[in-house]
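Asker: One-letter residues, chain by chain:
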Amino acid sequence: MNQAEVSKLVSKLRIKVPPKHRKLPNPKGPEGRLDKLRKTVTGLIKYERIELNYNRADEARQYAERLISEAIRHGDCHKPTMDTANFWLLEKELVHKLFKVLVPRFENSSVAYTKLYNAPKPQYARVLDKAVLELKGNPYPELGNKQTNNKYFIQNILLDAAKHEYRQAKYAEVANKIGQAGNETSPVNTENAEKLNEKPMSS
Amino acid sequence: MIPRITYICSQLVKNIERNLFHMFGHPPKELALAYVHEHKPVSSPQKFSLKDIIGDGMLWAVPKFRRTNERKLKRKFGSPEYVLKILLPKNNIKVCQDCGHHHEKGRLCEHCYTKVKKETQEIQDKIQEKLGLNPIENDVVVLYEGEKLPDEPKEFWNGKRIVEMKKERPQWFSKNLLQKTTQQPSDSTDVKPTDLA
Ligand SMILES: [Zn+2]
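Here the protein sequences line up with chains A and B, keeping their order. For the first sequence, position 52 (counting from the first letter as 1) is numbered 52 according to UniProt numbering, and the numbering increases by one without interruption. For the second sequence, position 58 (counting from the first letter as 1) is numbered 58 according to UniProt numbering, and the numbering increases by one without interruption.
Treat the hints as calculated values from the structure; they're not laboratory data. Check before you lean on any hint, since a few could be wrong.
Below, a list of computed lysine-lysine pairs in the BS3-like style, where the Cα atoms sit at most 27 Å apart [said to hold, decoys possible]:
| # | chain 1 | residue 1 | chain 2 | residue 2 |
| --- | --- | --- | --- | --- |
| 1 | B | Lys-160 | A | Lys-100 |
| 2 | A | Lys-97 | B | Lys-118 |
| 3 | B | Lys-118 | A | Lys-36 |
| 4 | B | Lys-94 | A | Lys-163 |
| 5 | A | Lys-115 | B | Lys-47 |
| 6 | B | Lys-51 | A | Lys-146 |
| 7 | A | Lys-136 | B | Lys-47 |
| 8 | B | Lys-117 | A | Lys-121 |
| 9 | B | Lys-105 | A | Lys-39 |
| 10 | A | Lys-97 | B | Lys-160 |
| 11 | B | Lys-105 | A | Lys-16 |
Derived Cβ-Cβ restraints for the label pairs, each shown as a range [to be verified]:
| # | chain 1 | residue 1 | chain 2 | residue 2 | range |
| --- | --- | --- | --- | --- | --- |
| 12 | A | Phe-153 | B | Trp-172 | 16 to 24 Å |
| 13 | A | Asp-129 | B | Trp-172 | 47 to 55 Å |
| 14 | A | Glu-31 | B | Phe-24 | 52 to 60 Å |
| 15 | A | Ser-109 | B | Lys-166 | 31 to 39 Å |
| 16 | B | Ala-61 | A | Leu-116 | 24 to 32 Å |
| 17 | A | Lys-170 | B | Trp-172 | 31 to 39 Å |
| 18 | B | Glu-164 | A | His-21 | 41 to 49 Å |
| 19 | A | Arg-38 | B | Lys-160 | 40 to 48 Å |
| 20 | A | Ile-15 | B | Ile-5 | 24 to 32 Å |
| 21 | B | Thr-114 | A | Glu-31 | 31 to 39 Å |
Ideal Cβ positions, reconstructed from N, Cα and C, are used throughout, including at glycine.
Work the whole structure out from these sequences, hints included.
Answerer: Here you go:
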C-alpha cells in the first residue's frame, strides 16, 4: 500500500477526457500534431475566443485546461510548470498573462476553465464540424442562450393555470349563449328541413 | 445473381484448364480421336466484305445479366445502412430562445452567432491594437461610448486594462440582463398584464 496517490501527481481536469488521443494527421507526424496544438493553445490564451475545427478544438482544450490547472497548482516559481508554459505558449508575453491574469481569474473556480460550443453548420453541406472554444470570464458578448427556459418557474405555472381557468369560464359562457340561441331557432330549422324533404316528392 | 455466378465459375474452370495444359503440355496425341482426312473441293476465294462480320447488326456494351429487384430498388432509393437517397424529416430543429430563428439542437443559433462573432472580432482587434507587444499583465474591461466605470472599490480597478470601443453598446449585449443599458427607464407605474386571454 505504498503507492503514491495519483490524484496528487496529476491535476484532475473538469472536462471529459477521452481514453485515446486524436492523431490529427499531419505530414510531420506527432511533432507536427504538437506544433498545431501549440498554435491553438497559444491562440486560445491570446484571443480568449477562437473558432476552429471541432477535433482540433477538443484536443487543444484538454491541453489548455491542463496548463491552467498546473499553473494554479504550482504558481510561477515552479520550474517544471514554467517549462511547460514555455513549451505551450509560443508568444512569451502570454506566459505573463497565464500567471498574472488567468491564475487569479480561475483560482477559486470549481468548474472547467474553458467552454466549447458547436458552431452553426450549413444544412446539406459536406463541411467539417466547427467549434467555438473560449476561456471563461472573457470580455466578449455571451454565446449561449441568455434567456433560460423559465417555463417551470412557480409564477409562470400559476399564471398558466389562471389563464386556463379564465379561458374555460369564457368557453362555458359562449357555449351557454349558443345553446340558448339554438333553442330559439331550432323549430324554424326543422320546418325548413321538412319543406326540403317535400320538394322532391312534388316535382 | 445465379446466371452471373455460373458465368464466373465457367470462366474460372476454363482458365484453370487452359493454364494447366500450358504448364504440363497438352495430352499425348494418341488420346486424340481418330479422324479421316477428307479432301474438300477448294472453293473459289470470295471477296472480303464487312457484311460478313456485321451481319444483321452488332451489339456494343449492353447489360449482360438481369438486374434483380432488390438491386434496382437500392440503386434508386439507397439503403438505410449506408446512404439514403430519399428525403427524410429532420427532428433536431429547435427555435432559438433569444431571436426565434431555427437552429440545430446542440449547436449555436446562426443568427445570434453571426452578430456575436462580428462584435467579438471588433473587440479583439481593439484589444490587440491597444496592447501591441507589451507583456500582458492585466485583465481587460470593455467600455462603450457614453459609459462610465461601474462603481467598484479601488482594489477592483487595480491592474485592469480599459479598452474603449468608439460606438454605443449594442442593445443585445447588456451587462445586466434585468436592466437595459441603452434604454431609458419608463416613468409609468401601472402594470397591465397582457396575453392573459
Ligand atoms: Zn438566435
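Asker: Output the indices of the hints that this structure fails to meet, ascending.
Answerer: Violated hints (numbers, rising): 5, 6, 7, 9, 13, 16, 19, 20; every other hint is consistent with the structure.
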